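Each chain, written out:
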Amino acid sequence: MSEPLDPRQIKQIGHEARKPLISLISTADLLLLGLEGELSDQVRKNVEAMKQNAEQALAGIERLTDLLKSNDQSK
Amino acid sequence: MLIYVIEDDPQQRDFFTKTLQAEQLEVIAFKDTIAAHSYIMLHGVPDAALIDFRFEGGPNGLSLARQIHNIHPAAAVVMTSCYADKDDIIEAFRSGIDDFLLKPVNAKTLIQHLGDTVIERRTKHPLDTAERQLGALKLNPNTRQAWWHEQELSLTKTQFTLLLQITARPGHMFNYAELYATCTGDHIDPALAAKKLKTYIFHLKHRLLENDPKTPCPIVSKRGEGLSWHLEDDKSK
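In order, the protein sequence lines correspond to chains F and L. For the first sequence, the positions run 3 to 77 when this note's numbering is used. For the second sequence, the positions run 4 to 240 when this note's numbering is used.
Please note that a few of the clues may not be correct.
[What the hints assert, rightly or not] Straight-line Cα separation of at most 25 angstroms, PhoX-like style, residue types lysine-lysine; simulated pairs:
(1) L:Lys141 x L:Lys201
(2) F:Lys21 x L:Lys89
(3) L:Lys160 x L:Lys201
(4) L:Lys225 x L:Lys198
(5) L:Lys21 x F:Lys21
(6) L:Lys34 x F:Lys21
(7) L:Lys217 x L:Lys198
(8) L:Lys111 x F:Lys21
(9) L:Lys111 x L:Lys21
(10) L:Lys34 x L:Lys111
(11) F:Lys13 x L:Lys89
(12) F:Lys53 x L:Lys21
(13) F:Lys71 x L:Lys208
(14) L:Lys198 x L:Lys208
(15) L:Lys225 x L:Lys160
(16) L:Lys141 x L:Lys217
(17) F:Lys47 x L:Lys111
(18) F:Lys53 x L:Lys111
(19) L:Lys198 x F:Lys47
(20) L:Lys198 x L:Lys160
(21) F:Lys13 x L:Lys34
Hint data in this document are derived by calculation from the structure and do not stem from the laboratory. Every value quoted in this text rests on a predicted model; they were computed, and no experiment measured them.
With the hints as extra help, turn the sequences into a complete structure.
What follows is the structure in structure tokens.
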């Protein structure tokens with residue numbers, strides 16, 4: 003990365019990185035709530051794992067964008 | 004309660020729609036603000052709107068939120084976003100939104116926040132206080148007077164409430180249970196509500212027809228569905 007990111011770019015990256023993960027988490031929630039039909043125990047376990055991984059990735063993005071923001075502010 | 008969901012992400016839209024429907028709420032979903040705006044201009048505002056902040060290549064959610072409040076300040080607006088940007092949140096609240104939810108939003112939070120904002124809005128802006136004019140019909144909710152082709156209608160309290168309710172959202176089919184609950188505060192089975200409202204509806208239609216026998220009655224009742232105020236310029240009806 004040759005040029006430092008400006009706040010607008012950080013916001014854009016944060017938005018683009020979060021959006022698919024949020025979509026994934028919402029779909030997992032929809033399945034876990036049983037709104038798309040009953041889930042077998044195995045499928046439920048897999049969906050829960052999928053959701054947990056997506057939440058971890060989301061938390062990672064959160065930390066990364068916070069770091070980029072604080073670097074930008076300290077310039 | 005009618006909720007409009009305006010969300011460009013199909014999975015997210017599906018989640019909001021199905022979660023709210025599971026709570027017995029009526030939901031109409033739109034993929035962008037333009038589609039929602041067109042619908043609102045024809046059918047009126049909902050009780051609450053859940054609007055995404057950002058839409059790729061189109062007007063953002065704030066302009067729609069402002070339009071909704073300009074049409075009817077009693078409609079609650081909850082803004083959602085994938086990204087918590089301080090400036091966006093400040094701008095959204097300055098635009099008059101009621102709540103801001105950062106996605107992902109779980110079902111419990113969604114229902115809780117929507118319910119709270121609707122109650123809060125209704126407290127600040129009670130429904131139906133402004134005089135209403137729809138074509139040849141004029142209603143004054145404060146004095147409970149109604150005019151049809153400039154002639155005052157003699158209506159009972161229940162008939163007036165029915166008329167006020169169905170004209171709040173022209174073209175929308177109000178189910179009988181919902182109408183009965185508005186008139187009496189009691190929640191009963193839709194079939195029983197239809198039966199109990201039948202005489203009121205019959206006389207209400209009769210009042211309109213006796214003042215203007217040439218024009219078809221704008222009140223449309225559908226067996227097993229409900230009652231609506233016919234929208235004159237809606238060609239799809």
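Hint check results:
The suggested pairing of L:Lys141 with L:Lys201 holds, with an alpha-carbon distance near 23 angstroms, which does not exceed 25 angstroms. In summary, the hint linking F:Lys21 to L:Lys89 is supported, as the alpha carbons are separated by about 18 angstroms, within the 25 angstroms threshold. Under the criterion of a C-alpha separation no larger than 25 angstroms, the hint pairing L:Lys160 with L:Lys201 is consistent with the structure, at around 15 angstroms. Simply put, L:Lys225 and L:Lys198 have alpha-carbon atoms about 13 angstroms apart, close enough for the 25 angstroms limit, and the pair holds.
Annotation: proposed proximity of L:Lys21 to F:Lys21 holds, straight-line Cα distance about 19 angstroms (limit 25 angstroms). This hinted pair checks out: L:Lys34 and F:Lys21 have alpha carbons roughly 15 angstroms apart, not beyond 25 angstroms. The straight-line distance between the Cα atoms of L:Lys217 and L:Lys198 is roughly 28 angstroms, outside the 25 angstroms bound, and the hint therefore fails. Among the hinted pairs, L:Lys111 with F:Lys21 is consistent with the structure: their alpha-carbon atoms are about 21 angstroms apart, no more than 25 angstroms.
Taking the CA atoms of L:Lys111 and L:Lys21, the gap is about 13 angstroms. The hint holds against a cut of 25 angstroms. For the hint pairing L:Lys34 with L:Lys111, the CA-to-CA distance comes to about 23 angstroms; that is within 25 angstroms, so the pair holds. With a C-alpha separation of about 11 angstroms, the suggested pair F:Lys13 and L:Lys89 falls inside the 25 angstroms cut-off, and the hint holds. For the hint pairing F:Lys53 with L:Lys21, the CA-to-CA distance comes to about 18 angstroms; that is within 25 angstroms, so the pair holds.
Note on F:Lys71 and L:Lys208: the hinted pairing is violated, with a Cα-Cα distance of about 64 angstroms set against a maximum of 25 angstroms. Restraint check for L:Lys198 and L:Lys208: satisfied, since their Cα atoms lie roughly 16 angstroms apart, inside the 25 angstroms limit. Between L:Lys225 and L:Lys160 the CA atoms are separated by roughly 23 angstroms; this keeps the pair inside 25 angstroms, and the hint holds. Note on L:Lys141 and L:Lys217: the hinted pairing holds, with a Cα-Cα distance of about 19 angstroms set against a maximum of 25 angstroms.
A threshold of 25 angstroms between alpha carbons decides the hint, and for F:Lys47 with L:Lys111 the separation of about 21 angstroms falls inside it, so the pair holds. Taking the CA atoms of F:Lys53 and L:Lys111, the gap is about 17 angstroms. The hint holds against a cut of 25 angstroms. The straight-line distance between the Cα atoms of L:Lys198 and F:Lys47 is roughly 48 angstroms, outside the 25 angstroms bound, and the hint therefore fails. For a cut-off of 25 angstroms, the pair hint linking L:Lys198 to L:Lys160 stands: about 18 angstroms separates their Cα positions.
The suggested pairing of F:Lys13 with L:Lys34 holds, with an alpha-carbon distance near 23 angstroms, which does not exceed 25 angstroms.
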